[in-house]
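Read off the chains here:
Protein chains: 2
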Amino acid sequence: MQMNDLILVSVDDHVVEPPNLFDKHLPAKYRDQAPKMNSMKDGQDSWVYEGTVVPNFGLNAVVGRPREEYGFEPAAYDHIRKGAFDLQSRVDDMNVNGVLGSLCFPTFPQFAGTLFLGAKDKTAAKAIVSAYNDWHIHEWAGAAPGRFIPIAIMPLWDIDACVEEAKRVAKLGVRTITFPDVPAHKGLPSIHTDYWDPLWKVLSDNKMVVSTHIGSGINVPHLSKESPIDAWIVTMPMSIAAATADWLFSPIFRKFPDLKIALSEGGIGWIPYFLERADFTFSHHNAWTNSNFGGKLPSDLFASNFITCFIDDKFGMHNTEFLNTDKITWECDYPHSDTVWPNCPEILWDSLKHLSPEKIDKITHLNAMREFSYDPFSILGRENCTVEALRAKATHVDTSPRVGMGGNNPSKGDGLPVTSGDVAKLFS
Amino acid sequence: MQMNDLILVSVDDHVVEPPNLFDKHLPAKYRDQAPKMNSMKDGQDSWVYEGTVVPNFGLNAVVGRPREEYGFEPAAYDHIRKGAFDLQSRVDDMNVNGVLGSLCFPTFPQFAGTLFLGAKDKTAAKAIVSAYNDWHIHEWAGAAPGRFIPIAIMPLWDIDACVEEAKRVAKLGVRTITFPDVPAHKGLPSIHTDYWDPLWKVLSDNKMVVSTHIGSGINVPHLSKESPIDAWIVTMPMSIAAATADWLFSPIFRKFPDLKIALSEGGIGWIPYFLERADFTFSHHNAWTNSNFGGKLPSDLFASNFITCFIDDKFGMHNTEFLNTDKITWECDYPHSDTVWPNCPEILWDSLKHLSPEKIDKITHLNAMREFSYDPFSILGRENCTVEALRAKATHVDTSPRVGMGGNNPSKGDGLPVTSGDVAKLFS
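For the record, the sequence lines run as chains A and B.
Each residue of the first sequence is one higher than the last, beginning at 1 in my numbering.
Each residue of the second sequence is one higher than the last, beginning at 1 in my numbering.
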């Protein structure tokens with residue numbers, strides 16, 4: 001097996017929504033309430049919703065820039081690579097990077113659609129959520145058959161509406177929803193209550209995965225305003241550890257043993273340590289805490305119900321025997337700053353070439369295909385899905401770094417470390 | 001090499017301070033302002049300081065109980081094993097557990113002495129901090145020569161006072177201070193300012209380690225009031241990861257390249273992943289973040305200046321080639337609930353017996369002895385320091401679990417999971 005033989009399915013990328021997002025699928029009577037794309041002063045593009053400018057138009061969508069020009073918030077479509085928001089350009093960018101399949105989280109509605117929790121008009125918001133999903137299913141994922149794993153946002157403020165929407169998108173072929181890693185931190189009932197059970201039932205019945213992206217409910221704290229932003233970037237993926245423990249010790253999987261959760265962008269190298277610690281905690285403390293895994297250990301539950309996900313993780317790839325290799329998946333994180341586009345195949349191959357071809361195939365695509373019920377081979381033919389085959393279709397794609405794309409650069413131009421405080425100023 | 005040949009030095013234990021703490025070393029003029037031990041109603045013992053009852057008299061000091069009777073806050077001396085607060089009993093409990101040396105963090109002043117930050121009378125507080133250190137140095141660590149690594153608290157609100165106290169305790173042989181992992185979260189200047197430089201200089205000049213205990217500045221959040229307390233316990237050690245990144249990207253070690261920091265109770269199995277991520281972040285982002293490691297990588301700095309520490313960590317012991325084995329140390333965590341006293345030798349041996357005797361000796365005692373300038377062999381003779389030799393002196397020590405010791409048990413007696421909310425009620 002060679003690098004060119006890899007078949008890559010990414011279970012965590014991002015779409016920056018185009019201006020015409022709500023043109024086609026929102027009923028006319030809600031057209032006035034829809035978020036609108038406004039080109040603002042200073043060449044900024046922003047969504048405006050219920051009279052408020054939404055931050056994070058294109059959060060961190062810096063792919064294709066020279067690294068000196070990475071920033072935190074490109075502020076206009078002109079500032080970002082077209083593949084971030086234009087479907088055909090995205091497919092080109094996937095091809096040139098040798099990536100077959102992609103699961104794209106939302107941007108302006110936030111990773112788990114929690115923007116709409118603050119809506120004043122909840123009736124309109126429910127229609128807007130459905131229209132968002134219809135756009136994603138039909139105009140984004142559906143417009144390039146076999147290339148995307150569609151994902152849906154939920155009207156999280158209303159469990160009955162969640163059930164209705166989950167059932168609706170299930171019929172349209174969606175096999176995963178995005179859900180906050182810690183809903184209680186968004187003011188929602190916690191995962192330890194019965195509140196969400198009707199949603200888990202629909203998901204379980206339809207083999208739909210709960211995709212929880214880092215930063216979707218709770219985020220890693222900035223430790224001081226002078227802290228270099230690098231320190232925050234380092235700990236972002238592992239910040240899902242606390243939420244992971246919360247889900248692991250929740251009653252959900254005892255009630256819905258077939259339900260699966262994906263820890264999107266969580267990384268994997270820390271997980272064997274975490275599972276050893278979880279098993280120790282259970283064995284050492286359950287006599288007084290009354291935790292109960294039905295005769296199993298926390299690590300057993302994790303192995304059967306938790307899907308792990310990494311961008312690059314040599315240490316994790318060195319320790320696959322401590323993980324369930326049937327649940328490890330890969331991600332590209334396009335167009336965010338941690339992506340190594342357009343060199344994903346080279347970097348990933350270097351990390352996993354020591355593994356058996358069977359393990360490599362599981363990690364790069366077979367696990368993602370099984371867990372997310374995604375079947376590109378029947379549409380495209382397996383032989384057309386390899387790194388080599390996809391790159392052959394993308395010889396016209398210009399991947400050279402583009403200088404001077406613009407946006408909000410938090411650097412003060414003084415060569416001093418960019419700090420959490422510098423970044424906070426961008427959003428204030 | 002056999003288990004009985006191990007020599008165990010623990011760099012993280014805890015002392016529950018006895019009632020006579022301030023009797024001997026506090027100048028008479030401050031006697032009225034000293035914290036006083038009051039035996040309260042309902043058989044509770046509490047420190048009272050400046051008119052306020054201090055919570056956490058013996059936080060989590062449940063060693064020696066049956067696990068069904070673990071709780072969160074034993075509330076009186078009668079509720080805890082005598083070794084928690086009585087020196088001779090502590091030495092007996094170390095012997096029966098085969099532990100040669102111990103570094104004991106404070107309890108009622110909090111792990112980094114941050115209780116005194118809130119003092120109204122700062123002049124008295126400075127004298128109280130010194131008296132605490134004198135008690136610790138002379139009455140606790142000094143009363144059993146060769147058996148303890150003394151540690152000092154600092155008058156953190158005043159950098160000049162910190163410098164003075166650090167110099168003073170250095171002359172008394174102290175080679176480590178306890179310091180909050182995230183001082184900014186205690187309202188103090190962050191580690192990225194120059195504020196602490198005079199303290200770092202004294203520590204560096206005197207080969208004194210900065211010991212940062214988990215939970216000393218920032219703590220892992222409770223994710224919801226219904227969250228099982230186990231979830232919180234699982235993630236406590238790894239909660240120091242964010243602070244670790246903050247120290248790693250700070251300017252401190254460029255200015256004081258000989259300064260060492262210990263991540264007390266942080267565990268080790270997650271660290272290789274963390275370092276790979278830190279190196280990636282540096283290489284991938286420093287063009288815009290301006291981080292600077294002087295031609296080295298973050299992992300190089302970690303290897304030279306960060307002391308790691310674990311209770312039990314099979315995964316970490318499986319991956320010592322990804323760590324600097326000259327900086328790995330071990331801890332017992334007596335008398336807290338995660339300790340495996342009195343079976344530490346058995347459990348540790350099972351985790352590291354596959355390593356070479358040279359590596360085992362480094363991890364179990366040689367690293368701790370070098371980094372903390374601790375030399376028990378010259379006092380006691382190496383042959384008297386092994387697990388076998390120490391246990392031979394402790395045949396009279398009763399280690400059988402003691403039932404009915406009492407205290408605040410957060411369990412509702414209904415067999416349902418003990419939650420974060422149940423524990424919070426104990427402290428409200």
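Worth double-checking, as some hints may not be accurate.
Any copy will do: because identical chains look the same in the list, a pair fits if it lies in one copy or spans two.
DSS-like mimics (lysine-lysine), calculated; alpha carbons at most 27 Å apart, straight line [as the list claims (entries may be wrong)]:
{"no.": "1", "residue 1": "LYS353", "residue 2": "LYS255"}
{"no.": "2", "residue 1": "LYS201", "residue 2": "LYS425"}
{"no.": "3", "residue 1": "LYS412", "residue 2": "LYS296"}
{"no.": "4", "residue 1": "LYS255", "residue 2": "LYS36"}
{"no.": "5", "residue 1": "LYS171", "residue 2": "LYS425"}
{"no.": "6", "residue 1": "LYS314", "residue 2": "LYS359"}
{"no.": "7", "residue 1": "LYS314", "residue 2": "LYS296"}
{"no.": "8", "residue 1": "LYS82", "residue 2": "LYS393"}
{"no.": "9", "residue 1": "LYS29", "residue 2": "LYS171"}
{"no.": "10", "residue 1": "LYS29", "residue 2": "LYS412"}
{"no.": "11", "residue 1": "LYS225", "residue 2": "LYS255"}
{"no.": "12", "residue 1": "LYS186", "residue 2": "LYS167"}
If you are wondering where the hints come from, they were derived from the structure by calculation, not from laboratory data.
Status of the hints after comparison with the structure:
Taking the closest pair of Cα atoms, LYS353 and LYS255 never come within 27 Å of each other, the shortest separation being 39 Å inside a single copy and 41 Å across copies. Taking identical chains as interchangeable, the C-alpha atoms of LYS201 and LYS425 are never at most 27 Å apart, the minima being 43 Å within one chain and 33 Å between chains. Taking CA atoms no more than 27 Å apart as the test, LYS412 paired with LYS296 passes between copies only; the shortest distance there is 24 Å, against 54 Å inside one copy. Taking the closest pair of Cα atoms, LYS255 and LYS36 never come within 27 Å of each other, the shortest separation being 41 Å inside a single copy and 51 Å across copies.
Taking identical chains as interchangeable, the C-alpha atoms of LYS171 and LYS425 are never at most 27 Å apart, the minima being 44 Å within one chain and 46 Å between chains. Taking the shortest Cα distances, LYS314 and LYS359 sit within 27 Å of each other both inside one copy (15 Å) and across copies (24 Å). In this assembly of identical chains, LYS314 and LYS296 lie within 27 Å of each other by CA distance solely across copies; the values are 20 Å between and 30 Å within a copy. Within a single copy, LYS82 and LYS393 get their C-alpha atoms as close as 18 Å, which meets the 27 Å cut-off; across copies the closest is 74 Å, which misses it.
When the C-alpha separation of LYS29 and LYS171 is checked against a cutoff of 27 Å, the pair qualifies only within one copy, where the shortest distance is 25 Å, while the shortest distance between copies is 79 Å. In the homo-oligomer, the alpha carbons of LYS29 and LYS412 never lie at most 27 Å apart, since the shortest distance is 47 Å inside one protomer and 53 Å across protomers. Proximity of LYS225 and LYS255 under a CA criterion of 27 Å is satisfied inter-copy only: 20 Å between copies versus 43 Å inside one chain copy. Taking identical chains as interchangeable, the C-alpha atoms of LYS186 and LYS167 lie at most 27 Å apart only when both belong to the same chain, with a minimum of 24 Å there against 48 Å between chains.
When held up to the earlier numbered hints, the structure conflicts with 1, 2, 4, 5 and 10 and fits the remainder.
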